[in-house]
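Asker: With the hints as your guide, set chain Y onto chain B.
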Amino acid sequence: MGALNAFQILNGLTFAGLLFIVASGFTLIFGLLRIVNLAHGALYLFGGYVGYTVASLTGNFVAGILGAMVVIAIIGFVLDQGLLRFVRGYELRQVLLTLGVAFILNDMALVIWGGDTFTVPVPEFLRGAVNLGGIFYPKYRLFVLALGIAVFILLWLLLNRTRLGALIRAGVDDAETVAAMGINIRLIFMITFMLGAALAGLGGTVGGAFLTLYPSADSEILVFSLAVVIIGGRGSLVGAAIGALMVGMLNSVGQVMFPELAYFVIFGPMALILAFRPLGLFGRAA
Amino acid sequence: MSRDLASVPAGAGPAGPSAVALTPARLIAIAIAGLALVAVPYMLPNYYVSIATQVLIFAVLAMSIDILAGYTGRTPLGHGAIFGTATYVTIYWSTTLGGSPWTGMLVGVAAATTVAAIFALLAIRTSGVYFLLLTLALGMIVWGVCLRWTSVTGGENGIRGSVRPLFIATHSAFYYLVLTAVAVITFVMWRFVNSPFGLTLRGIKDSESRMRSLGYNVPLHLFIAFTVSGFFAGIAGAIYAMFNSFVSPSTVALTQSVAGLLMAITGGIGTLFGSFVGAAAIISLENFVSSYTERWLSILGLMFVLIMVFAPEGIVGRIRMILARSKG
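If you read the protein sequences in the order shown, they are chains B and Y. Residue numbers for the first sequence follow this note's numbering, beginning at 1 and rising by one. Residue numbers for the second sequence follow this note's numbering, beginning at 1001 and rising by one.
These aren't lab readings, by the way, just hints derived from the structure by calculation. We put the CB at the ideal spot given by N, CA and C, even for glycine. Some clues are possibly wrong.
Computed footprint of chain B on chain Y, listed as stretches where at least three residues anywhere in the stretch have a Cβ under 8 Å from a Cβ of chain B [stated by the list, open to error]:
#, segment
1, 1133-1140
2, 1301-1315
To give an idea of the interface, some chain B residues facing chain Y are shown, with a C-beta separation under 10 Å as derived from the structure [unchecked claim]:
#, residue
3, Phe86
4, Val87
5, Leu154
6, Ala271
Residues on chain Y that point at chain B, a partial pick, calculated with CB under 8 Å [stated by the list, open to error]:
#, residue
7, Arg1125
8, Gly1128
9, Gly1144
10, Arg1148
11, Trp1149
12, Thr1150
13, Ser1151
14, Ile1168
15, Leu1254
16, Val1258
17, Ser1291
18, Arg1295
The following block holds chain Y by itself, in its conformation from the complex:
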């Protein structure tokens, strides 16, 4: 089932996705990337700081998708809806209900996790295309409800309202807060996928029947993986509420799930950190393209087609393969 979108084929070199050891080279790479991220507000104008913030938020969404697609071999297309549920609830809580934005975020994440758990109960028994189809349909029902339930969601107009407390009102202050949060989340996710539980998930991806005969409760593992993945997507959605201060049906739309999946695929499925590369690539491209043409949707579609035809292992995976080949 997972063969189509499998990340890097076996033998593509020691840098395969299963390598978890923190070698000195990797530590240096992480340190350089971290320093570069810290330096962003000093080097770039506000507009780019805001884009960088967006990249960090969507990298979390892409990583949450990667937990499922890359580690359990089940590609979800409903994570935009889970993400957007947190955004809706956070903004609804802090504007319409007049509550504190921090409580709003907690409630938002809880709501997203609940939605994810319901999705999981229905979808985990299927795999492959059927799983994708189900999560797609479930996600689109959330979209339909947000679009039509005008008295609560504001319909197509959405809900507007500043959620961000004053002390993080500036672009750079907010950026640092998000950067810190994302660093912690990324570490937790990295620990999660490399824990014994994460290894079991990889075992399920490779062979469900083998894991079952070894005595593992496969549905339970998948259920937990899906719910945890939804929890992280919810965190991304709650942070996005603070970032955007506005939510409309397009936040829960299929485009969102697709963009998230495209980021995960571009970065390389099953690489986790590749999501940062993917998010940066897609969001930069979106901003670049949008300044020239309104046809972003076409470009997004075209990228999907091209990546599926030419580089299903993603850009990072592709580069790795080329490097592995040139090494002999």
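Bound conformation, chain B alone:
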């Protein structure tokens, strides 16, 4: 068994990169709009399938990513404007509604793509391994880690350094005042929702290239994302990053040491953090 080797650490880090991409979309919607979008896992899987189809048809990985992000953002738009608008202000009804949508999306994905396992095709320059001081590591997984970091920086800049970000933050604190100042707060929130959904689509395509896509992949990624957000605290980008790192690393350790109980390993830190900080590391009471 022994200590973790560099390969396993990298596995943990790269998985954390993907987890951050998926969980950031979830925490964005949860923290800013107070909507727990349990369809997020299903959006991830749906996005992965769309990305797979587009990438296979066009032979272009980037087209697959963009296609998935656009399609999932549109599904997010329909979900937000078509369904969630009827239950605004009712937190529990919103959650349960998104759960129903998750079931429908998952089932529809089964109808469209069947129960087979798919792998999103990766472009030539990301295939193979790279020599990192003696160990050969898959290039693609390093790309996922880099993408995760890029998404973190972009989201941070968006929220903290742009007018849109300022409006989103203001809307969270006092939506009525922002609306009274002549700003269309509904539009701002709608854009946030679509952005969060698009991140699930991005995660699905990127993740579908190394975790593969299959009918229960949505539940698995949802458990991981929930763990990330529960550990990190809702709405916190830094919390999501730290949560993703913890869950990614622990999952990697767990798979090496207790292959059959890897899931249980996430439970430990989650329980510990909940015992001391019920709202997560960076969570604030609503």
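Answerer: Relative to the frame of chain B, chain Y by itself:
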């Protein structure tokens, strides 16, 4: 916190959920329902007797969810995992370990109660959406363990094995056993929610801070309520082991927690007995839909969406409201 899924608004008539008195009309209704349930094996073919058995088992699961959702205002999404833990342990005990099924059921219920107590310790400090999210995540960890721990749980193949002793091998004999058990359990649950302890829970649902300043130990009450609720979910799961003689990860999956919650909501949150109506409605629908299409999951999802948009107070609650309105 509880305003979204609150059952019947105040002033919806004397039949609100807080009315506990056994009026003659209610006694007659219970007697008629009881007679109808006893008559099922005489009136219907075996297939329907089996469905009726399933309805009774899932009504217990739905009622255990209702104890939390309806009486403490905390909606759980992990009860499928607690239910399924009892099913797994019962079947594992009586097949892989070769023990007696009755002991297996006891061990199963004990295991489910333990899982519930652990969930409770972690979740009771939160409320509302956060509570739901936590119980969901905890339940899904149980699912993940059952799926991956192949050497014990058999992974996706699950564990098969006849648990049912010979004397209840027939559909009707088993049905009567379950009916008796469920009648006793329902009575105990009804006593529980209407006991002073149950009233305190309702007080917590309405205003935690008020109950705290009155000197009640709110976390302790919630912990006990959660554990008791898990105990009943475990009983349902252990009976389900005898009913199904098979267990797989889908028994502990989120779908199970969701179906249970949907039954409780359909019947009306905070009505307890509504769970029977909810379980009957959902299970009949599932059997009906499944004979025409394989898209049961979509239908389940669609029902959730429609109920959340149009009738969050459930079908029973909705009918009550309409009746109350038509009375003026």
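Asker: Each of the hints needs a verdict: does it hold here or not?
Answerer: Against the structure, the hints come out as follows:
Under the rule that three or more residues need a Cβ within less than 8 Å of chain B, the assignment of the segment 1133-1140 of chain Y holds, with 6 such residues. For the segment 1301-1315 of chain Y, the stated coverage by chain B is satisfied: 8 residues place a CB nearer than 8 Å to a CB of that chain, which reaches the threshold of 3. Because the smallest distance between the Cβ of B/Phe86 and any Cβ of chain Y comes to about 5 Å, under 10 Å, the interface hint for this residue holds. The interface hint given for B/Val87 holds, since its Cβ lies 6 Å from the closest Cβ of chain Y, which is under the 10 Å cut-off.
The closest approach between the C-beta of B/Leu154 and any C-beta of chain Y is roughly 26 Å, which is over the 10 Å cut-off, so the hint fails. At a threshold of 10 Å, the smallest CB-CB gap from B/Ala271 to chain Y is about 6 Å, leaving the interface hint in force. For Y/Arg1125, the interface hint holds, since its Cβ comes within 8 Å of a Cβ in chain B; the closest pair sits about 4 Å apart. Hint status for Y/Gly1128: holds, given a least beta-carbon distance of 6 Å to chain B, under 8 Å.
Given the 8 Å rule on beta carbons, the hint for Y/Gly1144 holds: about 3 Å separates it from the nearest Cβ of chain B. Contact between Y/Arg1148 and chain B, as hinted, is supported at the beta carbon level, the nearest pair being about 5 Å apart and thus within 8 Å. Here the hint on Y/Trp1149 is kept, as its CB sits about 5 Å from the closest CB of chain B, short of 8 Å. For Y/Thr1150, the interface hint holds, the least distance from its beta-carbon to any beta-carbon of chain B being 6 Å, beneath 8 Å.
Below 8 Å, beta-carbon pairs count as interface contacts, and Y/Ser1151 has one with chain B at about 6 Å; its hint therefore holds. Hint on Y/Ile1168 is violated. Least Cβ distance to chain B is approximately 34 Å, over the 8 Å limit. Checking Y/Leu1254 against chain B by beta carbon gives a least distance of about 6 Å; that is within 8 Å, so the hint holds. Given hint, Y/Val1258 at the interface with chain B, holds; its Cβ is 6 Å from that chain's nearest Cβ, closer than 8 Å.
Annotation: interface hint on Y/Ser1291 violated; nearest CB of chain B at approximately 17 Å, more than 8 Å. Restraint check, Y/Arg1295 versus chain B: the minimum CB separation of about 6 Å is within 8 Å; hint holds.
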